[in-house]
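Protein chains: 2
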Amino acid sequence: MNQKELDKLSVNAIRATCIDVVNKAKSGHPGMALGSAPIVYTLFSKHLVASPEDPMWFNRDRFVLSAGHASSLLYTMLHLCGYKVSLDDLKSFRQLGSLTPGHPEFKHTQGVDATSGPLGQGIAQAVGMAIAERAVAAQYPQGKQVCSHYTYVLCGDGCLQEGLSQEAISLAGHQKLNKLILFYDSNAVTLDGGLDLSFSENVKNRFKASEWNVLEVNDGNDLDAIDEAIAKAKTSKSKPTLIIVHTVIGYGSEKQGTCKVHGNPLGEEDGAKAKAFYGYNYPAFEIPSEVYDNFKNSFVKRGKEAYKAYQANYASWKSAHARAALTLERAISGDVDAYFKKEPKFAPENNDSSRVASGKALNELYNRIPFLMGGSADVAGSVMTKINDGVNFTPRSPKGRNVNWGIREFAMASAVNGMCLHGGLKGYCGAFLVFSDYMKSAIRMSALSKLPAIYLFSHDSIAVGEDGPTHQPIEHLAMLRSIPNVNVIRPCDARETYAAWELAVRSKETPTALILSRQNLPLLASKYKEVEKGAYIISKEGKRLDVTLLATGSEVALAIEAQKKLHEEGIEARVVSMPSWFLFEKQDKAYKDSVLGVSKDKVFAVEMLSSFGWYKYADHVMGIDTFGTSAPAKDAIKSFDFTADHLVKFVKENLK
Amino acid sequence: MNQKELDKLSVNAIRATCIDVVNKAKSGHPGMALGSAPIVYTLFSKHLVASPEDPMWFNRDRFVLSAGHASSLLYTMLHLCGYKVSLDDLKSFRQLGSLTPGHPEFKHTQGVDATSGPLGQGIAQAVGMAIAERAVAAQYPQGKQVCSHYTYVLCGDGCLQEGLSQEAISLAGHQKLNKLILFYDSNAVTLDGGLDLSFSENVKNRFKASEWNVLEVNDGNDLDAIDEAIAKAKTSKSKPTLIIVHTVIGYGSEKQGTCKVHGNPLGEEDGAKAKAFYGYNYPAFEIPSEVYDNFKNSFVKRGKEAYKAYQANYASWKSAHARAALTLERAISGDVDAYFKKEPKFAPENNDSSRVASGKALNELYNRIPFLMGGSADVAGSVMTKINDGVNFTPRSPKGRNVNWGIREFAMASAVNGMCLHGGLKGYCGAFLVFSDYMKSAIRMSALSKLPAIYLFSHDSIAVGEDGPTHQPIEHLAMLRSIPNVNVIRPCDARETYAAWELAVRSKETPTALILSRQNLPLLASKYKEVEKGAYIISKEGKRLDVTLLATGSEVALAIEAQKKLHEEGIEARVVSMPSWFLFEKQDKAYKDSVLGVSKDKVFAVEMLSSFGWYKYADHVMGIDTFGTSAPAKDAIKSFDFTADHLVKFVKENLK
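Taken in order, these protein sequences are the chains called H and R. Taking this note's numbering, the leading residue of the first sequence gets 1, the next gets one more, and so forth. Taking this note's numbering, the leading residue of the second sequence gets 1, the next gets one more, and so forth.
Keep in mind the hints are simulated off the structure, nothing from the lab. Do not rely on the hints blindly, as some may be mistaken.
Copies of the same chain look alike in the list, so a pair counts if it works inside one copy or between any two.
Heads up, simulated DSS-like pairs for lysine-lysine below, C-alpha to C-alpha not over 27 Å straight-line [unchecked claim]:
| hint | residue 1 | residue 2 |
| --- | --- | --- |
| 1 | Lys638 | Lys26 |
| 2 | Lys600 | Lys652 |
| 3 | Lys586 | Lys508 |
| 4 | Lys634 | Lys26 |
| 5 | Lys529 | Lys4 |
| 6 | Lys634 | Lys24 |
| 7 | Lys527 | Lys564 |
| 8 | Lys399 | Lys239 |
| 9 | Lys450 | Lys638 |
| 10 | Lys341 | Lys318 |
| 11 | Lys4 | Lys616 |
| 12 | Lys652 | Lys638 |
| 13 | Lys616 | Lys589 |
| 14 | Lys602 | Lys586 |
| 15 | Lys586 | Lys649 |
| 16 | Lys345 | Lys652 |
| 17 | Lys543 | Lys26 |
| 18 | Lys232 | Lys301 |
| 19 | Lys386 | Lys234 |
| 20 | Lys508 | Lys46 |
| 21 | Lys255 | Lys176 |
| 22 | Lys144 | Lys656 |
| 23 | Lys616 | Lys652 |
| 24 | Lys91 | Lys634 |
| 25 | Lys296 | Lys273 |
Work out the full structure: start from the sequences and follow the hints.
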């Protein structure tokens, strides 16, 4: 069999297996898988450099299936390429506990470089990966020896209709990410019907306007043309490349070219017809040995050699650059222990707003941790992500670790996820808390993918003041706290802010959201080490314990003020600072009970945002359950009765 | 004074007033206001048709300040144009309770057509308005006599960097919304510095690729050129028009052209210098009478005449089309009473999934209510927004009320807000519940702007099944419920679904989110009329009341099953169906207590999503506080122990 025949057989085997996988599960999206098979086959067999023997190999090419619904195709490829995805795994596609869930999941299945499915996010994550690739290479002496690879993404119309993708594309073009290659499986069909129902853009020109190269393959079954396009894309010197490949959705099915084949199994009959159409005559889930051999001789062999060469090269690089290697290894493992041993001790003593304290902590950490990298969505001066003497990450200064993400909150968060997925960097990003709304799905993705992304959210209550209700967060802490595996920390003063930062950079599988005030906060008797417990007694009660005041952030000082006034009125209160529900929930019952001290009907929570969620800990909540108001901060706060006197009144009324 | 001199004086007066307004408040964003003044002046004085004597006049041109931070400019224009914004109102810019809050707020200040500030949303809302304008005109006989106006938007770089704007632009181009005119105040500066820090797109070409006309004005102070561009844009027959106007941020300030003038008052000294630079010699807040007269003779006069002509014309249109006029007036007031008097009674009896029931309810309402209009984000067949024999809204069939929003959730939601802002339509849109994440900020905007947008969210739990954790909502109900003024309704069967729909279309100032199951739901002893109370007893306890089971949606049937089993074990339970927390909270304490029946420690909540928030009502919550899993629905449900037996066990353990 010559290579051409082998290629054809392999593509047929991939398509047939996708049909089988989806048919067996009675669930899945065969449409795009069948259309895209030649693209992914060509990429894996002829270009992609990765190593099944070390699937997390740092210098592998990355491949992101942004159109995550075509997961059957990815799993089939991983199987053929020698990853730990067996035929049995393929047969348990979308079944409980299988290695082959409905959409690809990072850290769940070997060889999956990103969790994907929520449309557009794969592209934005890939942009983050490509940024990471360039940044890491630039940050080390002769860094291209240790980090120099391509990042490939496959998307369909869904991803490109999402606004997120334009943000990501625009960012990639601006950063001239020439090693980013995006395949656009253009099949002119979406779930509801023809693409022309909802879309009439000239995608080619949109990408060109965003400073991309654009290549086009008119026949999605023309392997040579796809191969040539990839080869050409790889030579790009200053622009990312879009390869538009015109395909037929559900290729081979009776329903090919229609939306009917988008999200439904072909079924036995149509599946058999499709296989006959391909001229493929093997029983279900039987793949000819020639196909396995083909991948062994292409993908596996290329990967093995490259991996071996890398290892040899890495050894010599390491001996030449021992210190750099130490840093790189820490960066890859995410280990920051060494950076907290340094003097002066990492903790300040002043009355800064927590955003200012955060800015100082960030500057200190930025200097200590050479792989901390990030920036804000055009609010560096407000969220305090400015790095003194920081160098901007630009095509001309790829060493710079300060990123101007632009006014693109969603892409920013997704790209930070991409940086975390890539590894070798600790990524952070900042915005006003109210605009966490624009980033919600990306934050969820951090949490789901177990990525230690760091989110800085300042302007954390109606104390934003004059900007008014459009810019004043109310329900946003509830939104963030409700996401599983997100550590939301709202520090009460500068000291807690520093502690929160330490926890954030130490985290390995949990994203952290630091919630920061615009206004100054007095330094309290806060305890640096206690922040990791989520909540602790910051101001003890008198001789007796009548009530516990539970507060976070700017309201801790308010609670302490109220505590004094309550004492004067004969009520003995304890004040608990509770920067993180997430961390508090991780404590044992004994600790929790000891901190709260009283039954729930005597616990009062105070937070200048929505009361939503607080009733888990307190029967009485002083919060704000309406939208905010435009006024100078002190007037806004007063208008919502966030005063010690009002808290005293609230406690007295509810203790009756 | 000739007109040219008068124009110049007017622009100077506008700029000077903006300086004064922001200086007095010591807060605000003068930069764009000063740059954009000539654009807005030209628009208002020469083109915009609206009427201060009837600010909500249905056929006025709409103007959306997408760059809401330039609010000082809008308020100044409204003052000069004779709206109820006095000099005193301008002097209390951004103060507590003033008519001139930090960002423009719909229904708060006369003449403000949209709440704006969160970047990108003004553009998308304007797209919705332009859709509404065309749709309303098409839906009535000789409809252009009653609805025929332009929609203008002003944005800056912030809006255009947001991905949302690309979704909106793409949708507008696809729909050939030729009466939509977008001004791009291009000043090449953002908050953090020069635009080139983060942006290198060719905006002109991006818009062209999205099927827009693009005009360009090189000198933002050239009133004639702006005037000509607007005149030309108004003649477009088949495309929306972008007018790029190159301006100087903070024009006249010492800091003009830099980011320093973006978000800070000029101060007295620089303000005085700017006024001197303009050659404008009036004390603060003093506006020469010639300027007022100029607006009286232009904007006000034009508006008055147009309004008068419209009224006369409307009277004759109404007498010729009495029935249509009745419908239109109902549409504008949002009154749907008449459509619920019809037989057969609006209520089904079957075991449909709530998404299917919703689809049937929608079809019925679509036929009854001629101004109900919407669609889904390419999931019509899944969220059940398909209208039998429905006509698609397209440039060729503007009468069609079925909208293919495309895979653009955020723009979809914002555009529905725009339809609501415009009036004359009841707008709805649909997506999977998990992708409410992409729409969060727009949903918040509906709530803040008091718009009765209708959101259909199907696939409402881990019972999504095979698609897995990326597609299974967990914390999404908490997210939606935590937004002030959003009525989240999760019906337990087909009957409650119909009731929820009736509440949704009857709503006038509150958006509604209908939360719909993928799986079938048995018809229970639900009560149509009780849904409006938010919660009610759906299955009474036996002779004694031991515990109350609080459930929503698909879990109500589960609770009823558990109730029987508990009875067998000697525990008498009441089951409460609680489709809407929002509506329940509106009931008086006596009703609430009567429904719950027991103290909180004996209330058990059951919902197959996050427990977050439920502790307000129940001390014991059976929920899911981790991410979901990819498996057939029944396996996924079982793996999370959502069975009647487990609920029985849970109750027994916690009653101890």
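Any of the earlier hints contradicted here, and which numbers?
-> Violated hints (numbers, rising): 5, 11, 16, 17, 19, 20, 21, 22 and 25; every other hint is consistent with the structure.
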